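If you number the sequence shown the way the numbering used here does, the last residue is 90 and the count never jumps.
The hints are simulated quantities; they were obtained by calculation from the structure and are not laboratory data. These figures come from a predicted structure and were not determined experimentally. Please note that a few of the clues may not be correct.
If you anchor each label on the Cβ, the simulated ranges turn out as follows [stated by the list, open to error]:
#1 Gly50 x Ile30: 35 to 41 Å
#2 Ser69 x Asp32: 35 to 41 Å
#3 Gly16 x Asp57: 14 to 20 Å
#4 Met3 x Gly50: 27 to 33 Å
#5 Gly35 x His14: 38 to 44 Å
#6 Pro60 x Thr13: 36 to 42 Å
#7 Pro60 x Pro15: 21 to 27 Å
#8 Ser49 x Val85: 29 to 35 Å
#9 Phe37 x Gly66: 30 to 36 Å
The C-beta atom is built at its ideal place from N, Cα and C for all residues, glycine as well.
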Amino acid sequence: MYTHTWTYQVTHPGRTIVEVALTSVNSIDDDDGTFARFGVSQIVSDSGVENFGDDGPPVVARDGVTSVSVRMFVFNSYARGRVSRNFW
């Protein structure tokens, strides 16, 4: 199992929407054990610190966000994903 976490700092004082999506999952071999997961693992905002754990949602919207962490899990595969952060 391979896990990687990215943390982004946000300086915009308004509303923030963070969205993650897997864009590609390819098996290392022809095994049926291919697995990949991508989600928001933590967000710090006016609402406080929210930890979503390993099964985080793909979309989160909050006011006054200061940081957001996203996490990808990969097993027996290569995976790509995207993170979209929108502010207003």
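Unsatisfied constraints (hint numbers, rising)
Failing hints, ascending: 3, 6, 8.
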